[in-house]
Amino acid sequence: MERRVRVRFAPSPTGALHIGGVRTALYNYLFARQHGGDMLLRIEDTDSTRFVPGAEEYILESLHWLGIEIDEGLRAKESKEESRKSKVESRKSKEGIEIEAVGDHGPYRQSERREIYHTYVNQLLESGHAYYAFDTPEELEAKRKEIPNFQYDARSRMGMTNSLTLGMDEAKRRIANGEKYVVRFLVEPDEDVTVHDLIRGDVTINSNILDDKVLYKSADDLPTYHLANIVDDHLMEISHVIRGEEWLPSAPLHVLLYRAFGWSDTMPAFAHLPLLLKPDGNGKLSKRDGDRLGFPVFPLEFHNEKDGTVSSGYRESGYFPEAVINFLALLGWHTTGDQELFTMDELIAQFSLDRVSKSGAKFDYEKGKWFNHQYLQMKSNEELAELFMPIVESKVESQKSKAISRRSKAEVAKIIGLVKDRVNFVPELWEQTNFFFVAPSEYDEKSLAKRWKEDSPRHMTEMLALLEQQEDWSAEALDNLIMPWIAEKEYGVGVVMNAFRICLVGAARGPHIWAITDVLGKEETLRRVRTALAKIG
RNA sequence: GGUGCUAUCGUCUAGUGGCCUAGGACAACGGCCUCUCACGCCGUAAACCCCGGUUCGAGUCCGGGUAGCACUACCA
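FYI, in numbering that gives the first Met the number 0 the residues of the first sequence are 0 to 536.
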């Protein structure tokens with residue numbers, strides 16, 4: 000009974016990988032790793048009409064970025080070139096990745112498994128569990144209009160055009176004539192079918208509500224999801240099917256298919272995950288919600304070649320993959336304790352299907368930001384500098400002459416250390432540090448109104464004289480110079496310091512004033528005070 | 001309409017009959033810190049869907065409502 004754990008993530012290449020799909024992949028991955036099993040990736044491209052070019056590469060690259068590793072099936076190939084590139088550079092590479100297929104249960108694209116499906120469709124046909132049907136889509140459409148709640152099932156199939164009513168000889172003749180047909184699964188009526196779900200327990204439905212599902216369509220010589228899924232999971236020796244709750248209603252059908260094939264004893268265990276819901280209103284989180292609500296619902300930015308749309312991604316928004324993983328892991332799963340921050344290894348160790356929630360989780364983007372904030376704080380200043388340098392360069396470049404100087408990575412790291420606790424994302428670092436790179440050319444009106452007093456020009460002029468003579472530019476020395484002077488003159492610390500800050504920063508914000516003078520240096524500090532005096536007097 | 005799943009603060013959730021005057025986190029609000037803006041720290045407000053039943057005792061078990069969601073394709 001001890002079976003090797005083998006799970007699969009089986010997306011359709013119909014567009015960008017939705018964040019809900021990412022979570023499904025993650026839970027599969029955590030489960031596989033925890034049990035020392037295999038994580039497979041299979042592409043379910045049985046709907047030729049919905050195929051979107053680039054989607055497969057996108058899916059694999061997304062999982063790769065997130066650190067969800069594939070053991071078998073299709074996966075992104077780690078090229079030498081990529082590993083040499085810096086993180087920032089590889090972020091920019093949107094071009095196709097290399098794909099490799101590993102494992103001996105392939106092919107791993109369903110469109111390449113046609114021969115296999117033929118065999119199994121025939122098996123069902125021969126055993127009487129399936130039949131040919133010739134009703135055209137138009138005829139079915141008409142039927143649905145004519146009869147409310149029409150369903151192709153035990154009650155109606157004898158009134159339709161199929162091998163049951165026509166006879167097998169006539170059916171074969173039609174097929175030989177090139178007539179389009181489908182193969183339908185014959186569902187026996189009045190039978191209670193029970194599916195055991197690892198998250199929800201036993202779910203029982205009566206077979207009367209099931210219709211005779213289309214298993215195969217001759218039009219494109221491809222099976223539908225239901226058939227391909229069962230055949231592949233069986234052949235690939237899948238032990239656990241972990242998928243979204245939208246599949247729960249068809250799980251009994253899948254159980255029936257396993258029975259019809261005689262595979263009941265090796266049927267995988269099922270676990271249906273709660274859905275990810277829209278943050279506002281009701282319903283399942285959809286691909287459109289992201290741009291409507293102003294946050295990404297995709298791991299990476301996606302350029303859809305089919306409809307020309309561009310969808311924003313977590314990576315391009317400045318998220319760290321660890322933060323996305325952590326955030327997603329907790330949408331539908333939680334430990335007994337109060338722990339909120341988990342590394343991938345901790346998740347692998349602690350994850351369990353019986354602690355997955357049963358109810359849907361509304362997607363709370365604000366909490367996602369908080370997770371990124373946490374992970375950003377854990378990064379070293381040097382790591383962040385690596386990511387921030389290209390942003391600084393492009394910004395300084397765009398401001399041309401106003402740039403004071405190029406700064407070394409060490410200097411940038413030091414600057415980041417002064418402000419990193421106040422940002423959630425690397426790109427936000429710029430608005431906190433821009434004055435370190437570019438001297439203020441204008442002064443914030445609100446700050447001026449509140450902090451630039453009548454006496455400020457005089458204060459600054461006197462302070463300038465004091466600073467000009469100062470040799471030791473350390474924070475401590477400056478503090479020892481200025482504070483006693485303010486006290487002696489009875490100017491008020493707040494009044495003087497805020498005016499000074501406006502001269503250096505251009506607004507009433509930023510880190511501690513002596514940290515700013517330290518980075519700026521004597522010359523630049525004095526220059527900014529003189530400029531301010533000249534401009535705002 | 002039918003079938004199924006679900007139901008604790010605004011949100012994610014802890015809670016598996018007494019430890020619950022319901023805990024944590026995000027968000028909100030207030031305070032402290034302070035030369036500014038933040039961060040941080042401290043604190044406040046905030047929930048067991050409703051009605052029955054079982055029990056000495058129910059957020060926790062059962063039944064019925066109600067509500068939300070999913071599915072109901074030659075899509076996955």
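FYI, nobody ran anything at the bench for these hints, they're computed from the structure. There could be a bad hint or two in this list.
Here are the simulated lysine-lysine pairs, DSS-like style, with alpha carbons at most 27 Å apart [what the hints assert, rightly or not]: (1) Lys368 x Lys357; (2) Lys286 x Lys305; (3) Lys408 x Lys445; (4) Lys361 x Lys216; (5) Lys408 x Lys357; (6) Lys521 x Lys452; (7) Lys366 x Lys378; (8) Lys534 x Lys394; (9) Lys394 x Lys452; (10) Lys394 x Lys521; (11) Lys521 x Lys413; (12) Lys394 x Lys408; (13) Lys283 x Lys408; (14) Lys449 x Lys488; (15) Lys378 x Lys394; (16) Lys394 x Lys361; (17) Lys216 x Lys144; (18) Lys286 x Lys361; (19) Lys413 x Lys394; (20) Lys408 x Lys366; (21) Lys534 x Lys521; (22) Lys277 x Lys305; (23) Lys368 x Lys394; (24) Lys283 x Lys368; (25) Lys445 x Lys305; (26) Lys179 x Lys277; (27) Lys534 x Lys488; (28) Lys452 x Lys408; (29) Lys357 x Lys378; (30) Lys452 x Lys534; (31) Lys408 x Lys76; (32) Lys286 x Lys357; (33) Lys449 x Lys413; (34) Lys366 x Lys286; (35) Lys413 x Lys368; (36) Lys394 x Lys283; (37) Lys144 x Lys179; (38) Lys179 x Lys283.
Hint check results:
no.	hint	in the structure
1	Lys368 x Lys357	holds (25 Å)
2	Lys286 x Lys305	holds (15 Å)
3	Lys408 x Lys445	violated (33 Å)
4	Lys361 x Lys216	violated (37 Å)
5	Lys408 x Lys357	violated (48 Å)
6	Lys521 x Lys452	holds (24 Å)
7	Lys366 x Lys378	holds (19 Å)
8	Lys534 x Lys394	holds (24 Å)
9	Lys394 x Lys452	violated (32 Å)
10	Lys394 x Lys521	holds (24 Å)
11	Lys521 x Lys413	holds (17 Å)
12	Lys394 x Lys408	holds (16 Å)
13	Lys283 x Lys408	violated (45 Å)
14	Lys449 x Lys488	holds (22 Å)
15	Lys378 x Lys394	holds (23 Å)
16	Lys394 x Lys361	violated (37 Å)
17	Lys216 x Lys144	holds (23 Å)
18	Lys286 x Lys361	holds (15 Å)
19	Lys413 x Lys394	holds (19 Å)
20	Lys408 x Lys366	violated (31 Å)
21	Lys534 x Lys521	holds (20 Å)
22	Lys277 x Lys305	holds (25 Å)
23	Lys368 x Lys394	holds (24 Å)
24	Lys283 x Lys368	holds (21 Å)
25	Lys445 x Lys305	violated (48 Å)
26	Lys179 x Lys277	violated (41 Å)
27	Lys534 x Lys488	holds (25 Å)
28	Lys452 x Lys408	violated (38 Å)
29	Lys357 x Lys378	violated (35 Å)
30	Lys452 x Lys534	holds (15 Å)
31	Lys408 x Lys76	violated (31 Å)
32	Lys286 x Lys357	holds (23 Å)
33	Lys449 x Lys413	violated (30 Å)
34	Lys366 x Lys286	holds (20 Å)
35	Lys413 x Lys368	holds (24 Å)
36	Lys394 x Lys283	violated (39 Å)
37	Lys144 x Lys179	holds (23 Å)
38	Lys179 x Lys283	violated (36 Å)
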